[in-house]
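Our numbering puts the sequence shown at residues 95 to 665.
Honestly, I wouldn't trust all of these hints.
Stated by the list, open to error - In silico DSBU-like links for lysine-lysine, alpha-carbon gap of 35 Å or less:
#1 LYS495 - LYS525
#2 LYS99 - LYS133
#3 LYS589 - LYS99
#4 LYS471 - LYS589
#5 LYS263 - LYS283
#6 LYS189 - LYS99
Hint data in this document are derived by calculation from the structure and do not stem from the laboratory.
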Amino acid sequence: VNDKKIEGISDIRDESDRKGMRIVYVLKRDAVPNVVLNKLFKYTQLQSSFSVNNIALVNGRPELLNLKDMIKHFVDHRHEVVVRRTEYELRQAEKRAHVLEGLLIAIDNLDAVIKLIRGSATPEEARNGLMSEFKLSEIQAKAILDMRLQKLTGLERDKIKAEYEELMKTIEYLKSILSDKAKRMEIIKDELIEMKDKYGDDRRTDIEFAGGDVSIEDMIPDTEVVITISHAGYIKRTPLSEYKKQNRGGVGAKAASTRDKDFIENVFVATNHQYMLFFTELGRCFWMRVFEIPEGTRQSKGRAIQNLINIPQDDKVLAFINVLNLKDEDYINNHFIVMCTKQGIIKKTSLEAYSRPRVNGINAITIREGDTLLEAKLTNGEQDIMMAVRSGKAIRFPEDKVRSMGRNASGVRAITVDSENDEVVGMVVVKEGDGFDVMVVSEQGYGKRSALEDYRITNRGGKGVKTITVTEKTGELVSLKAVTDEDDLMIITKKGTMIRMGVDTLRVMGRATQGVRLISLRKGDEIASIAKVPASEEEEEIEGVEGVEAAEGSTEAAAPESTEESTTTEE
Numbered sequence: 095v096n097d098k099k100i101e102g103i104s105d106i107r108d109e110s111d112r113k114g115m116r117i118v119y120v121l122k123r124d125a126v127p128n129v130v131l132n133k134l135f136k137y138t139q140l141q142s143s144f145s146v147n148n149i150a151l152v153n154g155r156p157e158l159l160n161l162k163d164m165i166k167h168f169v170d171h172r173h174e175v176v177v178r179r180t181e182y183e184l185r186q187a188e189k190r191a192h193v194l195e196g197l198l199i200a201i202d203n204l205d206a207v208i209k210l211i212r213g214s215a216t217p218e219e220a221r222n223g224l225m226s227e228f229k230l231s232e233i234q235a236k237a238i239l240d241m242r243l244q245k246l247t248g249l250e251r252d253k254i255k256a257e258y259e260e261l262m263k264t265i266e267y268l269k270s271i272l273s274d275k276a277k278r279m280e281i282i283k284d285e286l287i288e289m290k291d292k293y294g295d296d297r298r299t300d301i302e303f304a305g306g307d308v309s310i311e312d313m314i315p316d317t318e319v320v321i322t323i324s325h326a327g328y329i330k331r332t333p334l335s336e337y338k339k340q341n342r343g344g345v346g347a348k349a350a351s352t353r354d355k356d357f358i359e360n361v362f363v364a365t366n367h368q369y370m371l372f373f374t375e376l377g378r379c380f381w382m383r384v385f386e387i388p389e390g391t392r393q394s395k396g397r398a399i400q401n402l403i404n405i406p407q408d409d410k411v412l413a414f415i416n417v418l419n420l421k422d423e424d425y426i427n428n429h430f431i432v433m434c435t436k437q438g439i440i441k442k443t444s445l446e447a448y449s450r451p452r453v454n455g456i457n458a459i460t461i462r463e464g465d466t467l468l469e470a471k472l473t474n475g476e477q478d479i480m481m482a483v484r485s486g487k488a489i490r491f492p493e494d495k496v497r498s499m500g501r502n503a504s505g506v507r508a509i510t511v512d513s514e515n516d517e518v519v520g521m522v523v524v525k526e527g528d529g530f531d532v533m534v535v536s537e538q539g540y541g542k543r544s545a546l547e548d549y550r551i552t553n554r555g556g557k558g559v560k561t562i563t564v565t566e567k568t569g570e571l572v573s574l575k576a577v578t579d580e581d582d583l584m585i586i587t588k589k590g591t592m593i594r595m596g597v598d599t600l601r602v603m604g605r606a607t608q609g610v611r612l613i614s615l616r617k618g619d620e621i622a623s624i625a626k627v628p629a630s631e632e633e634e635e636i637e638g639v640e641g642v643e644a645a646e647g648s649t650e651a652a653a654p655e656s657t658e659e660s661t662t663t664e665e
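Make a model of the complete structure from these sequences and hints.
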């Protein structure tokens, strides 16, 4: 509760006494009880689970068994026990029946048997005589010689006959058990019930049907949220409605509080129910649901992302992909993740390879020495890839020019980076005819919207063409986005200032121009991050921002500085 993993609890009381344990959670007015309860089950010892390493000897060899396998092997063992026991009982019954058959022969020929015994000089002679005269076995002859005289009475003779008849029925029953598996299964069932009745006691815990459990997802509205990640790795989730739109050229509103030497570096937009794949600078991939990200206000600092996913201290999140459902086989097998690095390397891998991330993450791409991951995008395999570098050049090529690779591959060359100080600043996935324009922004707050058709399709690996005229006034290129009139831009500076503007306020300009000023930067400030978000339905005016009147932003917008140049020559 103190770490904000479980929200909605205002007070906790321990009301335990000698009658038992009782913990009372007092909820906030807007809290959903079932959501809080499920989170208590998940994050506390209110409900616990443990793993069992079910290793057993099967036919003399150790095997790891699941519950179904354990039950199967137990039933097979019980079948073996019943068979061996029945076979033993059958052998004993047949031995006894064999002896009784001999006794019945002797009783039926009593006078001849007595005469033969009285005429024999030794027991051996008597035994051999019985065997030859009445076709008896040695065991039967010995049983006759060992029989007491009282067995010759009429009552005893009837008992022997009754025992023999009962034995024959038993033998028939035992043979039926050996030949009928269903009978053996019934015996196993009856014996287990007998053991249960004799030794079983009442359960001390209750087993409840899980179908009545309330899913956290069902209780959380699937609304749009803004996810911000700072340079130091602090993350939060904020309702998109908290961000208001301004006119172009305004100075913006405070987007978030930041710690010393920290600044907002990444801004993403998603919905609560979506799945998110986080991609880190060192090429690792982590999985999370959007609603699992701690919620904060626009001014809050957020939570350290290392406390949410197991990211090493020397790594940080640079890109994310939101997916509707990672369990849809058709969807994940027909979509791809395209990644690019700052040194111009690109890699494409099937989404299916990233559908089962582990707690400690999985390797998404092998990063070459001196390079880092920059972007990761979701594609359908039939789109175009566009990338831009700090020096102001961009390249566009078909996605099918990059073959699908495994997770551990490092990728292929997408764009040639000329100098050591140059690097890729952005990658977009586009398709001609989808209505997207190309939006580029420089580090001093200048930006430009150009038609996608101005960028001809080439082969991957080239140097690209000019996308913005880079001067000392504009600074180098820092962002590349694919936009439409239905989008807004959220611009965040390194000192934490944010401005939101509609793309429809920016006219389409030539590809090789300088652009117009998008935001008035304070001294020493630079653009840190650009995010594309859905346009707001209503335009709202901010009355004052950090002591600066709103009129300052509107004045700048009324007389925007335009520095469009006429040149459109490709380089």
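Quiz item: What are the numbers of the hints the structure violates, in ascending order?
Solution: 6
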